[in-house]
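Chains as they are written, first to last, in my numbering: chain R, 1 to 390; chain V, 1 to 346.
Worth flagging that the hints you see were computed from the coordinates, not collected in a lab.
Ideal placement from N, C-alpha and C gives every residue a C-beta, glycine not left out.
One should not assume that every hint holds.
As the list claims (entries may be wrong) - Quick partial rundown of chain R residues pointing at chain V, CB under 10 Å, derived from the structure:
#1 D111
#2 K114
#3 K115
#4 E116
#5 Y264
#6 R272
#7 G275
#8 P280
#9 C295
#10 L296
#11 E308
#12 L313
#13 E316
#14 I380
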Amino acid sequence: MDLTFTAAEEEFRSELRSWLSANIPQEWTRPGFWESLDDDESFRLRRDWERDKADAGFAGIQWPTEYGGRGGTPGMKAIYDEEMVRAHAPRTVNPLGLTFLAPTVMAIGTDAQKKEIIGPLLRNEVVWCQGFSEPGAGSDLAALSTKGVRDGDDFVVNGQKVWTTNAVHGDKIFTMVRTEAGSEKHRGISMLLIDMDQPGVTARPLRQMSGASEFGEVFFDDARVAAADCLGEIGDGWRTAMLLLSFERGASGISQYTEFRRQYDEIAAVARTLGRDTDPVVRDDLARVLTELECLKLHSMHVLTQVEQGRDLGFEASMTKLQWSEAFQDLWEVYDRILGEHATLDTLPDGTDLRPLHGQAMWSRSVTIWGGSSQVQRNITAERVLGLPR
Amino acid sequence: MFFALTEDQQEFGKAVRDYLAERFDLAAVREVVEGGVADGNPASLWAAAGEQGWLAVTVGEEHDGLGLGLVEAQVIARALGAGVAPGPWRGTVLAAEAIRLAGSDEQRRAWLPKLAAGEAVGAVSHRGDVAGGLPAVEYGAEADVVVGPSDPDLAGLSLLTGATATPVGSYDGTTRLASLSGGTAEALPGATVELQKQLTDRATVLVAADLVGIAREALTRTVAYDRDREQFGVPVGSFQAIKHALADLHVGVTMAEHASLYAAHAADSAAAGVLDPAEADLAVSVAKAKASEVALQATAAMIQYHGGIGYTWEHEAHFFYKRAKRLAGQYGDVAVHRERIATLTV
Ligand SMILES: Cc1cc2nc3c(=O)[nH]c(=O)nc-3n(C[C@H](O)[C@H](O)[C@H](O)COP(=O)(O)OP(=O)(O)OC[C@H]3O[C@@H](n4cnc5c(N)ncnc54)[C@H](O)[C@@H]3O)c2cc1C
Numbered sequence: 001m002d003l004t005f006t007a008a009e010e011e012f013r014s015e016l017r018s019w020l021s022a023n024i025p026q027e028w029t030r031p032g033f034w035e036s037l038d039d040d041e042s043f044r045l046r047r048d049w050e051r052d053k054a055d056a057g058f059a060g061i062q063w064p065t066e067y068g069g070r071g072g073t074p075g076m077k078a079i080y081d082e083e084m085v086r087a088h089a090p091r092t093v094n095p096l097g098l099t100f101l102a103p104t105v106m107a108i109g110t111d112a113q114k115k116e117i118i119g120p121l122l123r124n125e126v127v128w129c130q131g132f133s134e135p136g137a138g139s140d141l142a143a144l145s146t147k148g149v150r151d152g153d154d155f156v157v158n159g160q161k162v163w164t165t166n167a168v169h170g171d172k173i174f175t176m177v178r179t180e181a182g183s184e185k186h187r188g189i190s191m192l193l194i195d196m197d198q199p200g201v202t203a204r205p206l207r208q209m210s211g212a213s214e215f216g217e218v219f220f221d222d223a224r225v226a227a228a229d230c231l232g233e234i235g236d237g238w239r240t241a242m243l244l245l246s247f248e249r250g251a252s253g254i255s256q257y258t259e260f261r262r263q264y265d266e267i268a269a270v271a272r273t274l275g276r277d278t279d280p281v282v283r284d285d286l287a288r289v290l291t292e293l294e295c296l297k298l299h300s301m302h303v304l305t306q307v308e309q310g311r312d313l314g315f316e317a318s319m320t321k322l323q324w325s326e327a328f329q330d331l332w333e334v335y336d337r338i339l340g341e342h343a344t345l346d347t348l349p350d351g352t353d354l355r356p357l358h359g360q361a362m363w364s365r366s367v368t369i370w371g372g373s374s375q376v377q378r379n380i381t382a383e384r385v386l387g388l389p390r
Numbered sequence: 001m002f003f004a005l006t007e008d009q010q011e012f013g014k015a016v017r018d019y020l021a022e023r024f025d026l027a028a029v030r031e032v033v034e035g036g037v038a039d040g041n042p043a044s045l046w047a048a049a050g051e052q053g054w055l056a057v058t059v060g061e062e063h064d065g066l067g068l069g070l071v072e073a074q075v076i077a078r079a080l081g082a083g084v085a086p087g088p089w090r091g092t093v094l095a096a097e098a099i100r101l102a103g104s105d106e107q108r109r110a111w112l113p114k115l116a117a118g119e120a121v122g123a124v125s126h127r128g129d130v131a132g133g134l135p136a137v138e139y140g141a142e143a144d145v146v147v148g149p150s151d152p153d154l155a156g157l158s159l160l161t162g163a164t165a166t167p168v169g170s171y172d173g174t175t176r177l178a179s180l181s182g183g184t185a186e187a188l189p190g191a192t193v194e195l196q197k198q199l200t201d202r203a204t205v206l207v208a209a210d211l212v213g214i215a216r217e218a219l220t221r222t223v224a225y226d227r228d229r230e231q232f233g234v235p236v237g238s239f240q241a242i243k244h245a246l247a248d249l250h251v252g253v254t255m256a257e258h259a260s261l262y263a264a265h266a267a268d269s270a271a272a273g274v275l276d277p278a279e280a281d282l283a284v285s286v287a288k289a290k291a292s293e294v295a296l297q298a299t300a301a302m303i304q305y306h307g308g309i310g311y312t313w314e315h316e317a318h319f320f321y322k323r324a325k326r327l328a329g330q331y332g333d334v335a336v337h338r339e340r341i342a343t344l345t346v
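All chains should be built: construct the whole structure from the sequences, respecting the hints.
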């Protein structure tokens, strides 16, 4: 057992730390700061900041240097994830591009795609959306019906995507499109890289239950995309999508742990303010959640170890998702119970502003839905890991 | 970063599991549960524990031990839990730990080589006191030497020999219990309050590891059964109500495995002065709370998802269920450890 990082990794940590401490305005760390901005303003601030961060060399931590990345170790990526949360760094504006698209392009993209896509992603010059879900195709992605018809060198695309994160801020969208007429299920789908800035594409915000509009719907009305802008083979989009989704597997739970652990402390402080910290039921609830959070931390060290050993975690990613999302939701349910009669109110009697915490409590309802719902993750765990029959 | 068992550590666990599978399977456990072994400590299994180093694991090399740590001991405890194995392994290892850490040189020389070889049986109690009596000690009647509190109010531990044992009934038939009184007590000179706490934490980790082993095995057996058992023309394991319950258990058991491994490492690191003791306290309580909870769930699920046969005496589910129940309450149940976690974090 060795729970330390290498000297080079620790060196990286201190460099990153000092850059972050010099480059995050104090104001940004104030609770409720980001919630107080409107969506466009928040997006713009974060996008600019992230560009500076990339210029300072703190982007693409694990990406090979040939792509402009830092060529770092998995340990450095874990450190990066952790330090970003510690420093109250703003959330990335390009989660889908950075986590999913970039590694997929590196793995199977054409030379032209590698050149065009990866560099601009590093500096967030292009913000990418993920166009998978449709009104009639969520968990059952293969039921999608957005169509692409070949017209010379292009595909002409018609259909609708929904719950698309960053829909209104996106520049491009990697989209699952049925390009073989009459094909069914997993067959005849292509992953097309569609420019959202064209007359055939309309993005509309959708308001979420929290009040924010981070996602939206995207309509394709004779949208055009060059057939060359297909990631993977034409008609082989299912395989591309599975590869793309597999890149969530290396994702480090350490940032989630760090963030949730801080939130736990904030919730414990609310319990103290309300004098409920001595209530044995509240204490039992909090300790149960803390147990799960500590397990999440250990699990992320396990995942990191496996990644460093070059092992494929396979379907274990479903376990990681279940552990963090269910523990996070449990945490915020405990928060609501602690509030009692104050649940939903903007402030506590002593003036504490609860709105930032309420925002997280709302968000906790989404995490068991997106990225494969808990039910879907349980199916995968039961069938692919435990080997129970379909 | 290396958060995993080394190959050697994995081999250690595999050796115990292989031995149990080949030489001491659930039929042998049944014989003990049904009273077929007078002292509840089957001679062949005990001999193996001595020969194969399961008892010598944490004893120093100078006393004929292997000089390994709690991580390795935790590996063995897990394997023994998975096999619902009877016998005073844990008590012997823990008595040796108390003597190693708090005993005089003479006490170490007198007891450690014997305990490590299985020539003497050890037991421990963290309740009662050697003068007034020790309640419900695991294998108290079989033990040659028992470590217990010297006095109910003061710090200190003593070695007790020649006590009178009164059997304590329990529906967990895999383990014998007895209350002890009388006998000759001899103080362990180094048993400070801090050390006593450390020893209790080490015991807690090994109990948690046993529970983790029980939970994993209960789940594995249930998955295997539900893959084959057919109703309505299909394997019952294809029903989503069962799949989801078993998937959640798989996540829970895996987390308990991580927690038990880390707790062992943390306890050793704190003892070596390289980890904040509060961090080790938290790790131990997280492990015990999680292991107790998930072992109770997994063994209850084992009965439920076997259906009627799971409720029979003939089926082995009750060995797991009953042992989990007893151990979940030992060295602090879920509520006790959650309270300690709350004290550390709220
Ligand atoms: C905040 C947020 C951001 C999102 N961002 C994006 C994005 O950027 N791009 C994108 O493409 N999509 C995005 N989504 C959509 C998300 O991927 C889908 O909501 C998700 O896949 C579930 O699909 P659905 O909403 O159609 O629910 P449904 O699939 O209709 O599910 C309804 C209920 O049925 C359950 N269910 C479905 N199938 C099964 C089954 N086989 N067994 C048991 N239960 C089942 C589900 O768990 C759920 O409880 C986002 C969603 C949210 C909430």
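Outcome of the hint check:
no.: 1; hint: D111; in the structure: violated (35 Å)
no.: 2; hint: K114; in the structure: violated (30 Å)
no.: 3; hint: K115; in the structure: violated (34 Å)
no.: 4; hint: E116; in the structure: violated (35 Å)
no.: 5; hint: Y264; in the structure: holds (7 Å)
no.: 6; hint: R272; in the structure: holds (8 Å)
no.: 7; hint: G275; in the structure: violated (12 Å)
no.: 8; hint: P280; in the structure: holds (8 Å)
no.: 9; hint: C295; in the structure: holds (4 Å)
no.: 10; hint: L296; in the structure: holds (8 Å)
no.: 11; hint: E308; in the structure: holds (6 Å)
no.: 12; hint: L313; in the structure: violated (12 Å)
no.: 13; hint: E316; in the structure: holds (9 Å)
no.: 14; hint: I380; in the structure: holds (8 Å)
Against the hints set out earlier in the document, violations occur for numbers 1, 2, 3, 4, 7, 12.
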